[in-house]
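In the order they appear, the protein sequences are chains A and B.
Quick note: the first sequence uses this note's numbering, first residue 1, plus one each step.
Quick note: the second sequence uses this note's numbering, first residue 1, plus one each step.
Don't read these hints as lab results, they were simulated from the structure.
Yeah, the Cβ is synthetic: ideal placement off N, Cα and C, and Gly gets one too.
Errors might be hidden in some of the hints.
Quick look at which bits of chain B chain A covers, simulated, 3 or more residues with Cβ under 8 Å [what the hints assert, rightly or not]:
1. 9-22
2. 91-104
As a list, the in silico EDC-like pairs of lysine to aspartate or glutamate whose alpha-carbon atoms are at most 16 Å apart [as the list claims (entries may be wrong)]:
3. B:K11 to B:D86
4. A:K67 to A:E15
5. B:K78 to B:E14
6. B:K44 to A:D78
7. B:K44 to A:E5
8. A:K104 to A:E45
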Amino acid sequence: QKEVEQNSGPLSVPEGAIASLNCTYSDRVSQSFFWYRQYSGKSPELIMSIYSNGDKEDGRFTAQLNKASQYVSLLIRDSQPSDSATYLCAVYSGGGADGLTFGKGTHLIIQP
Amino acid sequence: EAGVAQSPRYKIIEKRQSVAFWCNPISGHATLYWYQQILGQGPKLLIQFQNNGVVDDSQLPKDRFSAERLKGVDSTLKIQPAKLEDSAVYLCASSLISDYNEQFFGPGTRLTVL
């Protein structure tokens, strides 16, 4: 049974600070890792993909992957109120079935 | 580039009724997925198509759910008969065939079963 674990929060961060979101996964052969942002009443929006160990930066977002520790994180710099949303971590293990395994999401609140 | 299209956006039905959802993937995306998202949970895969063939339907409740993807483009997901616990958002996603499997979601259909 593949599992993806996230702290459900809420995680409250002051505006302008760095928000740090974490995710662990159980399947060691996982090969692709994604962060989706989901606003209330909306569908998930892909914001970051990462495939190899290390950091990947895109604007204010940095994804970090450590396959040895089975750990993925998302950093949001200079947090804005518009970043308030639920952030879903998703993992792809490859093979014949290509569905993503999602965590339950972390609810992030940016306080003005 | 147009995104994934879904309809209807909202549906309210009585239990034991039937309902159908439609999805049109991003142009050129061979792989199409249906997910179910219950409030407070992450999406859960129901079925995956590649072109018009089923790749994975291991989590589809086949006694009441069915799906098809004729001609390898549009897809429909049907529930018959619906139960109260089917109340959820039904999300369609699509992706290119690749090693990385980036998936893009449509707006979803919010189903309420009374």
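We went through each hint and held it up to the structure:
1. Residue count for the segment 9-22 of chain B with a Cβ under 8 Å from a Cβ of chain A: 0. That is fewer than the three needed, and the coverage hint is violated.
2. Note: the segment 91-104 of chain B has 8 residues with beta-carbon separation from chain A under 8 Å; the three-residue rule is met and the coverage holds.
3. Annotation: proposed proximity of K11 of chain B to D86 of chain B holds, straight-line Cα distance about 12 Å (limit 16 Å).
4. About 31 Å separates the Cα atoms of K67 of chain A and E15 of chain A, which puts this hinted pair outside 16 Å; it is violated.
5. A C-alpha spacing of about 15 Å is found between K78 of chain B and E14 of chain B, which places the hinted pair at or below 16 Å, so the restraint holds.
6. Simply put, K44 of chain B and D78 of chain A have alpha-carbon atoms about 32 Å apart, too far for the 16 Å limit, and the pair is violated.
7. As the CA atoms of K44 of chain B and E5 of chain A are separated by approximately 14 Å, the hinted pair is consistent with the 16 Å bound.
8. A hinted pair counts as satisfied when its Cα atoms are at most 16 Å apart, and K104 of chain A with E45 of chain A qualifies at roughly 15 Å.
Checked against the numbered hints above, the structure breaks hints 1, 4 and 6 and satisfies the rest.
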